[in-house]
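Just so you know, the protein sequences line up as chains A and B, in that order. With the first letter of the first sequence counted as 1, position 132 gets the number 773 in the working numbering; the numbers rise by one all the way through. With the first letter of the second sequence counted as 1, position 248 gets the number 254 in the working numbering; the numbers rise by one all the way through.
In short, the hints are calculated from the structure, not lab data. Because the structure is a prediction, the values reported are computed rather than measured. One or more of the hints may lead you astray.
For lysine-lysine, the following DSS-like pairs were computed, each having C-alpha atoms within a straight-line distance of at most 30 angstroms [stated by the list, open to error]:
(1) Lys95(B) x Lys816(A)
(2) Lys189(B) x Lys763(A)
(3) Lys816(A) x Lys763(A)
(4) Lys189(B) x Lys95(B)
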Amino acid sequence: MTRLLEVQDLQVEFDTWDGRVRVIESLSFALAAGETLCIVGESGCGKSMTALAIMGLVPQPTGHITAGSVRLAGEDLVRASPARMQAVRGNEISMIFQEPMTSLNPVYPVGEQIAEAVRLHKGLDRDAARSRAVEMLRAVHIPEPERRVDEYPHQFSGGMRQRVMIAIALACEPKILIADEPTTALDVTVQAQIFELLVELRETRGTAIVFITHDVGAVAEMADRVIVMYAGRKVEEGGVEDILERPAHPYTRGLLACRPTLVLGDPGARSELAEIPGVVPPLHQLGAGCAFAPRCAQALQRCGVAAPPETRLADGHAAACWLLAPSEGAAA
Amino acid sequence: MAYLAIVLRRVVQAIGLLAAVAILNFTLIHLAPGDIVSTIVGEMGGASEETIAELRRAYGVDRSYLEQLGIYLARVAGGDLGTSIYYNKPVFLLILDRVPATVLLLLAALTLALVAGTALGVLAARYPRGWFAAAVNLVSLFGFSAPVFWSGLMLLLLFASAIPILPPGGFYDVVAGAQGLAKALDIAHHLVLPATTLALIFLALYSRLARASMIEVLGSDYVRTARAKGLPERTVIFKHALRNALLPVVTVAGLQFSAMLAGAVLVETVFTWPGLGQLAFESILRRDNQLILGILLLSAVLVTFGNLITDVLYRIVDPRIKTDG
Chain A
642 MTRLLEVQDL
652 QVEFDTWDGR
662 VRVIESLSFA
672 LAAGETLCIV
682 GESGCGKSMT
692 ALAIMGLVPQ
702 PTGHITAGSV
712 RLAGEDLVRA
722 SPARMQAVRG
732 NEISMIFQEP
742 MTSLNPVYPV
752 GEQIAEAVRL
762 HKGLDRDAAR
772 SRAVEMLRAV
782 HIPEPERRVD
792 EYPHQFSGGM
802 RQRVMIAIAL
812 ACEPKILIAD
822 EPTTALDVTV
832 QAQIFELLVE
842 LRETRGTAIV
852 FITHDVGAVA
862 EMADRVIVMY
872 AGRKVEEGGV
882 EDILERPAHP
892 YTRGLLACRP
902 TLVLGDPGAR
912 SELAEIPGVV
922 PPLHQLGAGC
932 AFAPRCAQAL
942 QRCGVAAPPE
952 TRLADGHAAA
962 CWLLAPSEGA
972 AA
Chain B
7 MAYLAIVLRR
17 VVQAIGLLAA
27 VAILNFTLIH
37 LAPGDIVSTI
47 VGEMGGASEE
57 TIAELRRAYG
67 VDRSYLEQLG
77 IYLARVAGGD
87 LGTSIYYNKP
97 VFLLILDRVP
107 ATVLLLLAAL
117 TLALVAGTAL
127 GVLAARYPRG
137 WFAAAVNLVS
147 LFGFSAPVFW
157 SGLMLLLLFA
167 SAIPILPPGG
177 FYDVVAGAQG
187 LAKALDIAHH
197 LVLPATTLAL
207 IFLALYSRLA
217 RASMIEVLGS
227 DYVRTARAKG
237 LPERTVIFKH
247 ALRNALLPVV
257 TVAGLQFSAM
267 LAGAVLVETV
277 FTWPGLGQLA
287 FESILRRDNQ
297 LILGILLLSA
307 VLVTFGNLIT
317 DVLYRIVDPR
327 IKTDG
């Protein structure tokens, strides 16, 4: 398995009124070419910040990458020059966002917004870039692309705008597409269409996808591998079947239990919707121990004292929990 | 086609508005104590009852208000703005003589205020915590607080007296008698101080507006998208952010056009700039009612025209407005 993208011990910190807050703590993972990796977790767990850190777009001047590396085919992007990062963004790594309604510039036609990236990165002239824009609109299944290329974002629906965003992101044929909750703002039927589109584009273009979501259904739909994050740390990583069928970390299991289920044939028999008690702690109040310990039903005394090491459970499946640590001997 | 229809509709609305302004102006002048005859008689040092009655008949002020209004409106609609009692010349020609100077002053001040104000605001937004932003804040606070006649006098003292690099007033140097390009340059030289004075207050307003608007736009999702595309920072700022940030500036600039015209009256007086403002100021002192009415009506035309242009401009800058009326 060739590693296209390798994130090693990434640490991101923000300056706040409460002092410096660590929003991502020693995060490591790798992405292979053509693979889809899902990053799952609740709001505020550092999913989106991980994406922005890879893109070199951590909000300035308050945010800092304070340690670690992000290697794209061996090259460390954390230490790359701003000019080099501009050449990487939109060209080798692209990103789509969770707000399709506001992510397009309202004063330019959508075609121009696709074409400018192509002109910049691929050096195409105006006519060729425009043809490319039409071609991309067709690829994301926007009807009548020749006409719609000159229309403005307000003439498109939310789902259509997200398709345009995908067209922008893929116009330069990047190796990696980061999709940060791309369907959160869309209604369910449109969500399914966008998943379908992403799967199709992955198949036809071989783009590796980092798919950020809090929707376990989306994970089942899209993922090859999954990372579960909690309070800026990776708590579990594994293949999609490991995570969905053999979740090891109490947080992962809690997250999966929160899915609503319907019993077929008996619409009246609804199971109680589970939830994980408590909320994600404010990041500046994290202690030395496991960040999930205050909400964990199975927490041990040592969980509050020291952060658990990552324990390898099977090939490609690992979790950071004291319950799984070999010395503990106890099964989860 | 729809676009043309909208413009036409605006023009019709503008004509209606101008008629209303003409009626209001006439009524206000009519309500003011004294009339043209008492002014003339005053200048003459007194007159007999018969002379006064004759003058009143001659100037039509013996008729009822409604009659006078009807005559005035019919005349204006026919393109006749009356005759100035002081200059004894048609009001229209007097105004026409002064319009170029005022329009030149307004355009110069507007351009300066818009371009410099936006540039300062954008730079201040780009580096919101630096000394530059603090300096822009201070200067715009000062510019906004200082009355035009005071800042005009201060600039006059500084650049025409202490460091005499600019002429203290007037339109061009009559003595030098330059022609052609030299004359144009001479006018531009004379334009610097009045235009700067008039621009100052609006520059302050636009820079603050542009700064606030730019800060908001720089935090928007589509600017993040532009960065995620790998666009260089100058493209992000000048192509993606600026055009959106300009929308509120264009709106306010249009609305403020009338304030700028009002400011021009003061500036023209300070710098003896031979424009409409100066003419208006003098004719008010002289109670030259026909001339006052004419200038007021023309000011209304200028303001309405300014708003119309803003409207059209706004539609060009923001594609979302094209469809509604």
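Structure-based check of each hint:
A distance of roughly 79 angstroms separates the Cα atoms of Lys95(B) and Lys816(A); the hinted pair therefore is violated under the 30 angstroms criterion. Under the criterion of a C-alpha separation no larger than 30 angstroms, the hint pairing Lys189(B) with Lys763(A) is inconsistent with the structure, at around 52 angstroms. Restraint check for Lys816(A) and Lys763(A): satisfied, since their Cα atoms lie roughly 15 angstroms apart, inside the 30 angstroms limit. The hinted pair formed by Lys189(B) and Lys95(B) meets the criterion: a straight-line CA distance of about 27 angstroms does not exceed 30 angstroms.
Checked against the numbered hints given earlier, this structure breaks hints 1, 2; the rest are met.
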